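There are 2 protein chains.
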Amino acid sequence: MYLPDHFCEEDAAEIAALIAAFPLAAVVATTADGLVANHIPLIADGETALIGHIALANDLHRSLADGAEVLAIFRGEDGYISPNLYPTKAVHHRHVPTWNYQVVHAHGAIRFRYERKAIMAAVGKLTRQMEDRVSGPNAWRMADAPRDYLETMLDAVVAFEIAVDRWQAKSKLSQNRKPEDARGAATALEAAGHDVMACAMAAVIRKG
Amino acid sequence: MYLPDHFCEEDAAEIAALIAAFPLAAVVATTADGLVANHIPLIADGETALIGHIALANDLHRSLADGAEVLAIFRGEDGYISPNLYPTKAVHHRHVPTWNYQVVHAHGAIRFRYERKAIMAAVGKLTRQMEDRVSGPNAWRMADAPRDYLETMLDAVVAFEIAVDRWQAKSKLSQNRKPEDARGAATALEAAGHDVMACAMAAVIRKG
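These protein sequence lines are chains W and D, in that order. Per the numbering used here, the first sequence starts with residue 30, numbered consecutively. Per the numbering used here, the second sequence starts with residue 30, numbered consecutively.
Since the hints were derived computationally from the structure, they do not count as laboratory data. Here the structure is a predicted model, which means the values were calculated and not measured. Mixed in with the good hints there might be a few duds.
It does not matter which identical chain is meant; a pair holds if it fits inside one copy or across any two.
To be verified - Result set (SDA-like, lysine to any residue): computed pairs, CA atoms no more than 25 Å apart in a straight line:
no., residue 1, residue 2
1, Lys207, Glu76
2, Lys199, Ala84
3, Lys199, Asn87
4, Lys199, Ala58
5, Lys154, Thr127
6, Lys118, Asp161
7, Lys207, Asp74
8, Lys199, Glu144
9, Lys118, Glu160
10, Lys199, Glu219
11, Lys236, Glu39
12, Lys154, Lys207
13, Lys236, Val187
14, Lys236, Thr60
15, Lys199, Tyr130
16, Lys118, Asp88
17, Lys199, Ile72
18, Lys199, Ala50
19, Lys199, Leu53
20, Lys154, Ala42
21, Lys199, Ala42
22, Lys146, Glu106
23, Lys207, Asp177
24, Lys236, Asn167
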């Protein structure tokens, strides 16, 4: 990824927060059929692994060798930035459009896990994380489903772990702009409903 | 991509609309350094090509041979679907969580273009599309910037075209659920601000 120093995200907490807030990763691999991507919610297991699961019917686990290189791409909000959003445009007009976004790339080796214990762990961790967020005290639990039904569903999935050997993260948040211009862009993104990115831009402006 | 028939998106208008509404693509390629992804706004040129531009400083145009295979991934909104959102959960509890999303994959050959005319076309088309959308009658035009500044900016980018040989699109919108359950999920996604996806789900429910 093209990654100028001023857009390089090295804050581990920010990277972890982005993954947790936007868990649906594009998991990319090279197979005999060329490049393939699957969209899979992943959860981080510390700073060295990502855990997920796919349908047994998904050929990915049959088309990749154990330990094959994959790239998991997480992406937060994004938005077009018009020169009109910069107050200094009226002064010198030396601006062009750009795009702001936050992404995290995790490169690593994928290994599929067919044992029920690994599948239960992958499905259970993701369910707990998401239910705590969206359902709170009314969180749906796996035990809420009838046992026979749950067993059938678990039989239909495969778990996997990506052992991450390289992280790369980019926060393109107008860091290369004057504070008043960055503020103008952040205000417009917030108005467009991109609260997470507007908040990240506000933090960048505060840090200066 | 794992693509069961009921999630296969074959409506060319829906695919074009998704690309236009969510232009920031993850452009994935295989280089000598392994898998790389760059996040680049693209515009469709009919049904057979995608057009974009990158910074001259981005090594992508130096690391890919002319005609190299790339995968451009467009993604719309996405959301976790809790079993709690399905009214029939209370009846039989035979539900598990899932994730809804819309994606478009374009596979094709990339060719970089260094002539000023191609660069002007790529930058100009994207600017017009985005400014018409976000600025309307106050659209920023390239001619608003001083000539010398604009020339310097254009010197710093490279255009490219992806000749698309295969489209693959997936609209995972609860098509495999009963209408009342799909409606419950759509209502929750709308409440979470995912209007585009909620609208697409409503269209699926109407079609039956």
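Cross-check of the supplied hints:
Proximity of Lys207 and Glu76 under a CA criterion of 25 Å is satisfied in neither setting, with 33 Å inside one chain copy and 40 Å between copies. Only between protomers do Lys199 and Ala84 lie at most 25 Å apart by alpha-carbon distance; the minimum there is 15 Å, versus 30 Å within a single protomer. For the homomeric pair Lys199 and Asn87, the shortest alpha-carbon distance between copies (14 Å) is at most 25 Å, but the shortest distance inside one copy (30 Å) is not. In this assembly of identical chains, Lys199 and Ala58 lie within 25 Å of each other by CA distance both inside one copy and across copies; the values are 21 Å within and 18 Å between.
For a Cα distance limit of 25 Å, the shortest separation of Lys154 from Thr127 across copies, 14 Å, qualifies, whereas the shortest one inside one copy, 37 Å, does not. Within a single copy, Lys118 and Asp161 get their C-alpha atoms only as close as 44 Å, which misses the 25 Å cut-off; across copies the closest is 18 Å, which meets it. For a Cα distance limit of 25 Å, the shortest separation of Lys207 from Asp74 qualifies neither inside one copy, at 38 Å, nor across copies, at 35 Å. Taking CA atoms no more than 25 Å apart as the test, Lys199 paired with Glu144 passes in neither setting, with 36 Å inside one copy and 29 Å between copies.
For the homomeric pair Lys118 and Glu160, the shortest alpha-carbon distance between copies (15 Å) is at most 25 Å, but the shortest distance inside one copy (45 Å) is not. In this homomeric assembly, Lys199 and Glu219 come within 25 Å of each other (Cα to Cα) only inside a single copy, at 20 Å, whereas the closest approach across copies is 29 Å. For the homomeric pair Lys236 and Glu39, the shortest alpha-carbon distance inside one copy (15 Å) is at most 25 Å, but the shortest distance between copies (47 Å) is not. Proximity of Lys154 and Lys207 under a CA criterion of 25 Å is satisfied in neither setting, with 42 Å inside one chain copy and 27 Å between copies.
In the homo-oligomer, the alpha carbons of Lys236 and Val187 never lie at most 25 Å apart, since the shortest distance is 44 Å inside one protomer and 33 Å across protomers. Taking the closest pair of Cα atoms, Lys236 and Thr60 never come within 25 Å of each other, the shortest separation being 44 Å inside a single copy and 36 Å across copies. With identical chains, the CA atoms of Lys199 and Tyr130 are at most 25 Å apart both within one copy (8 Å) and between copies (23 Å). In the homo-oligomer, the alpha carbons of Lys118 and Asp88 never lie at most 25 Å apart, since the shortest distance is 51 Å inside one protomer and 30 Å across protomers.
For a Cα distance limit of 25 Å, the shortest separation of Lys199 from Ile72 qualifies both inside one copy, at 19 Å, and across copies, at 23 Å. Taking CA atoms no more than 25 Å apart as the test, Lys199 paired with Ala50 passes in both settings, with 16 Å inside one copy and 22 Å between copies. When the C-alpha separation of Lys199 and Leu53 is checked against a cutoff of 25 Å, the pair qualifies both within a copy, at 17 Å, and between copies, at 14 Å. In this assembly of identical chains, Lys154 and Ala42 lie within 25 Å of each other by CA distance solely inside one copy; the values are 19 Å within and 38 Å between copies.
In this homomeric assembly, Lys199 and Ala42 come within 25 Å of each other (Cα to Cα) only inside a single copy, at 14 Å, whereas the closest approach across copies is 32 Å. When the C-alpha separation of Lys146 and Glu106 is checked against a cutoff of 25 Å, the pair qualifies neither within a copy, at 34 Å, nor between copies, at 32 Å. Proximity of Lys207 and Asp177 under a CA criterion of 25 Å is satisfied inter-copy only: 21 Å between copies versus 60 Å inside one chain copy. In this homomeric assembly, Lys236 and Asn167 never come within 25 Å of each other (Cα to Cα): the closest approach is 38 Å inside a single copy and 32 Å across copies.
In this structure, the hints that do not hold are numbers 1, 7, 8, 12, 13, 14, 16, 22 and 24, in rising order.
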